[in-house]
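2 protein chains.
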Amino acid sequence: MPNQTHLDLDRVFHALADPTRRAIVRRLSRGPASVSELAKPFTLAMPSLLQHLQVLEESRLIRSEKTGRVRTCEMQPSALSLAEAWLLEQRTLWQGRLERMETYVAALKSKEKQHGKRHTK
Amino acid sequence: MPNQTHLDLDRVFHALADPTRRAIVRRLSRGPASVSELAKPFTLAMPSLLQHLQVLEESRLIRSEKTGRVRTCEMQPSALSLAEAWLLEQRTLWQGRLERMETYVAALKSKEKQHGKRHTK
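Chains as they are written, first to last, in our numbering: chain A, 1 to 121; chain B, 1 to 121.
For the record, the hints were derived by calculation from the structure and aren't laboratory data. Be a bit skeptical, because a hint or two may be false.
Between beta-carbon pairs, the in silico distance windows are [as the list claims (entries may be wrong)]:
1) B/Arg63 - A/Arg69: 46 to 56 Å
2) B/His119 - A/Asn3: 58 to 68 Å
3) B/Thr43 - A/Thr5: 14 to 24 Å
Sample of chain B residues lacking proximity to chain A, with all beta carbon distances greater than 10 Å (derived) [as the list claims (entries may be wrong)]:
4) Phe13
5) Gly31
6) Val35
7) Met46
8) Pro47
9) Ser64
10) Thr103
11) Ala107
12) Ser110
13) Lys113
14) Gly116
15) Lys117
Partial pick of chain B residues on the chain A-facing surface, computed with a CB cut under 10 Å [what the hints assert, rightly or not]:
16) His14
17) Leu93
18) His115
Think of the CB as a built atom: it goes at the ideal place given N, C-alpha and C, for glycine as much as any other residue.
Please build the complete structure, drawing on both the sequences and the hints.
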């Protein structure tokens, strides 16, 4: 895995490891919002909120743009996809292992059965 | 979302925000391994590795069991599922929004067309 992808995954997973930041991502999944709209549901001081937004921007989960005095944030779904792809990869490996185990157990059972038949003859 | 789920997601995403811990999860996706087997591919001192394993155990991504002098680690796929479910939820919200936008744009276009027809009559 290239170093850049490692760094990106580090940032994305780190950004998602906080309930406020996950709540912001969830809000932005429904559409863009200004910083003051994002601030409303939280009992956070503005500097803390801005810090969370900075972590989210650095992870590229969101991006923001300032028009006049209003900064609007929006989600960037590609960073979520990166995390999803990594999780899916592990699930695929895991399921592959389960399937191999199933095949192995089935083979053992069939061997056992044949062995049993030989002994009852 | 219940507080316990928040805490679990915090721990899972935090555990995954490190390349060594992700490499351990990936290794264990292919099947259980002893701590010394896990240590081999890394140029890490044993105390650091044990610390990583502790973070992974606390997140419930892995569990370990000691038999005699050998500690064996294995993956717990349910913690991965928790993270996957959260990501999927955001994707569903995002796609729902895109679909609503599509419907809205199509409605606007059809209105525009009817308006155009009236003006050319």
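Hints, verified against the model:
Roughly 52 Å separates the CB atoms of B/Arg63 and A/Arg69, a value that falls within the hinted 46 to 56 Å. Checked against the hint of 58 to 68 Å, the C-beta distance between B/His119 and A/Asn3 comes to roughly 59 Å, which is consistent with it. The supplied range of 14 to 24 Å is met by B/Thr43 and A/Thr5, whose beta-carbon atoms lie about 20 Å from each other. With a minimum CB-CB distance of about 4 Å to chain A, B/Phe13 fails to clear the 10 Å threshold, and the non-interface call is violated.
Distance check for B/Gly31 against chain A: the nearest CB is about 5 Å away, which does not clear 10 Å, and the non-interface claim fails. Against chain A, the non-interface label of B/Val35 holds: every CB pair exceeds 10 Å, the least being about 20 Å. The beta carbon of B/Met46 sits about 23 Å from the closest Cβ of chain A, which is more than 10 Å, so the claim that it is off the interface holds. Remark: the non-interface label on B/Pro47 is consistent with the geometry, its nearest Cβ contact in chain A lying 21 Å away (cut-off 10 Å).
Residue placement check: B/Ser64 keeps its beta carbon more than 10 Å from all beta carbons of chain A (closest about 17 Å). Residue-level check passed: B/Thr103 sits 14 Å from the nearest beta carbon of chain A, beyond 10 Å. Once the 10 Å rule is applied to beta carbons, B/Ala107 is consistent with being away from chain A; the minimum gap is 17 Å. The beta carbon of B/Ser110 is kept farther than 10 Å from every beta carbon of chain A, the shortest such distance being approximately 23 Å.
For B/Lys113, the non-interface assignment is confirmed: its Cβ lies about 26 Å from the closest Cβ of chain A, beyond the 10 Å cut-off. Taking the minimum C-beta to C-beta distance to chain A, about 29 Å, the non-interface status of B/Gly116 holds against the 10 Å cut. The Cβ of B/Lys117 sits about 32 Å from the closest Cβ of chain A, beyond the 10 Å cut-off, so the non-interface label holds. The closest approach between the C-beta of B/His14 and any C-beta of chain A is roughly 4 Å, which is under the 10 Å cut-off, so the hint is satisfied.
Interface hint at B/Leu93: satisfied, since its Cβ lies 4 Å from the closest Cβ of chain A, which is below the 10 Å cut-off. Hint status for B/His115: violated, given a least beta-carbon distance of 27 Å to chain A, over 10 Å.
Of the numbered hints stated above, those contradicted by the structure are hints 4, 5, 18, listed in ascending order.
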